[in-house]
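*Asks:* Just so you know, the sequences run in chain order X and R. Residue numbers for the first sequence follow the numbering used here, beginning at 1 and rising by one. Residue numbers for the second sequence follow the numbering used here, beginning at 329 and rising by one.
Just so you know, the hints here were simulated from the structure itself, not pulled from any lab data. These numbers were taken from a predicted model, which means no experiment stands behind them. Even for Gly, the Cβ is constructed at its ideal location relative to N, Cα and C. Incorrect hints may have been included.
What the hints assert, rightly or not - Pulled a few chain R residues facing chain X out of the computed Cβ check, cut under 7 Å:
1) Phe456
2) Val546
3) Gly632
Stated by the list, open to error - Here's a subset of chain R near chain X, in silico, CB distances under 8 Å, partners left out:
4) Ile470
5) Val519
6) Leu520
7) Ala591
8) Val594
9) Thr646
10) Ile652
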Amino acid sequence: MTRFLRNQGWVAGLFALLIFLFVVTKLIQPGYGSGDFGSLARAVLPYAFAVAAQTVVVIAGGIDLSVAAMMALTSVTAASMMNGASEEYALFVVPFVLAMGLVLGALNGVLIVVTRVPDIVVTLAMLFVLQGAALLVLGAPGGATAEWLKASVIGTVSVPGLPDWADAWVPKALVLLIVCLCIVWIPLRRSRLGLSIYAIGSNELAAFRSGVPVARTRIIAYALSGLFAALGGLSLTISTGIGAPIPGPYLLASVAAVVLGGVALGGGKGGLLGPIIAVFVLRLVRTDLTLLAIDPNVTAIIEGLIMVAVVMFGAFITMRSRPAGATP
Amino acid sequence: MTDIATMPRSVSFGRRLKRFMADRPLIPLVILLIILVVILQILRPGIVNERWLANTAKFAIPLAILAGCQTMTMLTGGIDLSVGTVATMSAFIMATQIVNQDPAVAFLLAMLPAVLIGLVNGIGVGVFRVHPLIMTLGTSLIGTGFLQVYQRTVIASGAKIPDFLNWLGTGVTYGFPNALLLFVPVAVLIVLMLNRTGFGRLLYAVGDNERAARLSGVRYWQVIVALYILSSLLAGITGLLYIGLIKAPSLSLAEPLVLPSVAAAVIGGTSIFGGRGGYTGTIIGALILTVLTTLLTILQMPEGGRRILFGFIVLFVTAAYLRIVEDR
């Protein structure tokens, strides 16, 4: 019961922080409106998928350093396939790229299980491999995106029964994000597989002894991570209209948001909601700093300081809540 | 009959070979290094000469020192991903401060951020118990931010590479690169420290079983703080050496060395979970990676293909090495 409260307390605290940041934003920029919220949602989209990819693996007790490279590869693949192709062809590209992410993610998992090399090293090696593959697919930023895909993140969704002013606050990008995450996450969380993922992250030996297929669960966790990363790559292509073979800053951002979102790096604890809220918090901080007309380089320092401070605070809380003498 | 008689003998020979290699984990690494050099010589006859050896050593030395930082931190179960930023900061500050300052003052100024980042890393990991991966990623983000701000304050004064660093980084005396003058003492110090001093023993003890180490009176946080400061100082010195080799101060000077330095330590047989490994293996690991890079360059592969091969080879070598060493 106390653990439940503590976990939910963390997410609730984050949510309060997010609200607080929105208030601060409104104070700094009285003109901050639904349009700005829509662009925030679009900016968050690739980050949120990267964080989801990292979260699944971290809950299963691993870490995936190849998230950003996977996003780059799927992004350039989608962009170069859609280049010069018809609008309908994109209907084929999207599932193809998602399947590619799933397979490459599963490859990560298989390599970890088969070679018994620590996952940090395997995903580090895969980072090089995927980066190289992205460069082979597309040597320089380029490619194109189908118009209907671009339209799918711009604008708002009109919810029946809501007045227009409220509709304006429901950007398509946000709806897309929530729908994609829920389709994968909610059935997973309620299934035996989801429980197994938490189990191997919490205590691998105990999970093995209770009959959880550890190897298979780990492979599936990495495959899901690949799927989320592919979604992130697709959203990158959709929002920029092109694909870039050089990975963005998504690895660091994903790890930071996972920790800030209350998912223990040892595995077995936390959910998806916390990290997603954490992404919004981190992006909103950046927006606020830009609105305050602070030099972007100083912004990088402040972001880093916030990240480190939050992580230290989180670690401090966890340490205090443990019985004395115990080690993590 | 003969089959039955010879079978066990051949098996036992294989097992004996395996055990022999497992007892001396350096031997398979040296064999691999020799195989790589032989392949190089076959592909490009005559390439392996005195000049090539000196050149390889020159490029392997910065990597080997940074990999030394990784080895020491990995022995305690940590990792130091801020070494790239620290090395870049020291190099950049040295190159810009030398214009108006006394060399000794410039050197001290260049080492200051190294000590500070090491201290923050150590406090975060040792006192607040933040995961080293996150902590060092965060401090490297902050460091890069500060460096960008700093860059604009010195943009007018320009930069130059001190003659001494030039001599140390690129000079060759009697066929031996001058960088060995720095590397040999550093390597001897690290090896002696790890094997012969109390501090080295503490690193192994903390990494092997932190709880046991604490209960036997190890002051955990002091060991960790000292370790991360030492690691950062080494990284800073590497930065000075590297700027003498590359001769072009930039804001991402040593960044490409970070992941290979982790790979070198892992290939060299240091366990990423702590408690096992040593520096001699790491040096050979750095040599292997450097020769491998030359090999892939000579094959005239596109950049993408090179990265893919690099990733797979790192993975393969680590997996093979684990098989040999761990099957006792």
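*Asks:* So, for every hint listed, does it hold in this structure?
*Replies:* Here is what the structure says about each hint:
1. Phe456: holds, 4 Å
2. Val546: violated, 12 Å
3. Gly632: holds, 3 Å
4. Ile470: Holds, about 4 Å.
5. Val519: At 23 Å from the nearest chain X Cβ, valine 519/R fails the 8 Å test, so the hint is violated.
6. Leu520: violated, 28 Å
7. Ala591: The hint holds - alanine 591/R has a Cβ within 8 Å of chain X, the shortest such distance being about 7 Å.
8. Val594: Check passed: Cβ of valine 594/R comes within 5 Å of chain X, closer than 8 Å.
9. Thr646: holds, 5 Å
10. Ile652: violated, 12 Å
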